[in-house]
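Each chain, letter by letter, is given below.
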Amino acid sequence: AGDPLITEVQPWAQELGDGVDATPYGMPIEFESDVVRRNVEWLTADTISSINFTPIHALDGTITPQGCAFERHHSGAIELRKEDYRLMINGLVDTPLIFTYEDLERFPRENHVYFCECAANTGMEWAGAQLNGAQFTHGMIHNMEYTGVSLRTLLEEAGVKPEGKWVYVEGADASSNGRSIPLEKALDDVLVAFKANGEALRKEHGYPVRLVVPGWEGNMWVKWLRRIEVGDQPWESREETSKYTDTLEDGTSRKWTWEMDAKSVVTSPSPQAPITHGKGPLVITGLAWSGRGAITRVDVSVDGGKSWKEARLAAPGQDKAISRFYLDHDWDGSEMLLQSRAIDSTGYVQPTKAQLRDVRGLNSIYHNNCIQTWWVKESGEAENVEVS
Amino acid sequence: GNLGLGRPALPEEVAAWDKDVRPDGLGLPEGSGSVEDGEMVFAEVCASCHGDFAEGVDNWPKLAGGMGTLNHEDPLKTVGSYWPYLSTTWDYVNRSMPFGNAQSLSNDEVYAIVAYILYSNDLVEDDFVLSNETFLDVELPNTGGFIVDDRAETELALFSQEPCMVDCKETVEITMRAAVLDVTPETEPQAAAEPAEPAEEVAVAEPAPAQEAPAEEAPVEVAAVDPEMVAAGEKVFKKCKACHQVGDGAKNRTGPHLNGIVNRVIGTGEGFKYSKSMAGMADEGAIWDDEALHAFLENPKKYVSKTKMAFAGLKKEDDRAAIIAYLQSFE
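Going down the list, the protein sequences come from chains G and B.
Each number in my numbering comes from the position in the first sequence (counting from 1) with 794 added on.
Each number in my numbering comes from the position in the second sequence (counting from 1) with 16 added on.
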């Protein structure tokens, strides 16, 4: 007998679907309802000052849809109307200025694709394999196309005084999240963005205006950006001293560890994306990125790092943006210890966890860019493991 | 290029937003506060999350202790053990705390709280007074504990060697498994969302207990929940969300969840540890009726002395009425 899905007339081939007025703004079809951000309840005291994770195990391509791009708030996602939005530039400038949202729209505009990774991404894995899924180990990342005005343009409008060496950027929410950024970076590629992936920023990503600090840790990408102050020294705010600093084995801590090192992860197969089709052709795929440049190569190992094969990049790597890689593999049905290793345009090679621990010890929390291992079993199920 | 966009910022506008404070004291306003005053303010607005002695409650940050642990496994990072600059503490308390009621403290209160945090860390005596005058005299123990990012020297060359492609190691053993720990949230595909039951139906299904409130409290309004009031209440409830959950799946957090709170006996939320004064009201069978809720929400500490709820209160009657309507919509 033939497949009834083919031999019998199905309701969708007979009856009518939704009209064009059914969903003025569409959501994913109900069958994809498991492809959502998730949080880990035990991580933080409260969901208001917390983080969730992008379902990277279920996505493909490179652009992260806004609706499932991870969120990190310190005092919750606020609602701020464009009409109520003000941006102040003050400090060591010729003229302290106030811009409205409309003002920002009149400056020359730029478009760029950049990844945003929380410095704590993979942080729970420092001491050992802990969370079982690419979403939870590597999901504090998204990659979007931003539209906005370069920060350089706005600073030039106010006129930076010669003694200005740093800028302090601050959000409008109750956490007053603020970070010091060296003027050199501020004048380089930092963007004051108001659109992502073509549409307005989502509330949870800083609507109506956020900062984009390419290649640097996500905490500096201040959301609901309300103020930019120029100064001659860094401010040493809470988020650049007590947090987002990396404690080494001897108890001293690195500060100003802004750049995100080159990193990659196999997103499928992975614990939340097991192999269900048995042996034969298998698409191994994942993401790679570097805060110092473009991804030039990704290697994949199926034997825990004994041997490596160069994967195929879906497109040439772009500066400080995510690359998608594929390894088209003929799976013989036996166990695999699956790893990926990113190489960037500076020649940096993603290190193993052991290599990182040799330099930094076990207490760093942030900036864990080690090679990840998935143990893919004969059943096709996968588990987060560490290997020798 | 000067496009002439925007307008000059007025001095009072800059003063209103530029509140940040630097390690050299730039930005610090005049004022002072003693350890003694700080202990009282801390107990009122900080202790519900950070503990009476800054020791932390549940997962909320500990602010004291941990000295000498930075080179141990799981170091305890507090203002005393880790934070390099006192200005950071002052700035953060001033602009971002208390959680859910930021920028509500006076300068003197901030000085007092910071003085108390120093005292909790055994860094000052109990008669210490912190002020803009004494501020720069205080040095925190870990000020010298930081180095500027040295990855360029310690890592980049090391991690930029030509990578091995074959015969990179002889054997590979699994040394640790995530499944053994079992701390990953369940991620079974969710069932298609069930249509939510209309709130009104819920209210009808559960007959409200007889109203003991005075007649002028308009019992009619209580019986039928006004959707506009509920919507207004949802907005006001943002002030409460730092500590209280309500609705589907609400759990006890810093405060008890508030499902079914209206017309329930005071202090009887399941699994929540109430203050003694609140528990005493439970023993007396006092009810969270409209009158009681209004009185408590207007001035929590006046209505329930020694309540753990660190909230100044809602002075506007409309706000209180809206919150009560909102809470009433959750069985």
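Among these hints, one or two may not hold up.
Claimed, not checked - Below are the DSSO-like pairs computed for lysine-lysine, each with C-alpha atoms no more than 27 angstroms apart in a straight line:
1) G:Lys997 x B:Lys267
2) B:Lys254 x G:Lys997
3) B:Lys35 x G:Lys1049
4) G:Lys876 x B:Lys267
5) G:Lys997 x B:Lys185
To be clear, the hints were calculated from the coordinates, so they are not data collected in a lab.
Model, not experiment: these values are computed from the prediction.
Going down the list of hints, with the structure as the test:
| no. | hint | in the structure |
| --- | --- | --- |
| 1 | G:Lys997 x B:Lys267 | holds (25 angstroms) |
| 2 | B:Lys254 x G:Lys997 | holds (15 angstroms) |
| 3 | B:Lys35 x G:Lys1049 | holds (23 angstroms) |
| 4 | G:Lys876 x B:Lys267 | violated (34 angstroms) |
| 5 | G:Lys997 x B:Lys185 | violated (48 angstroms) |
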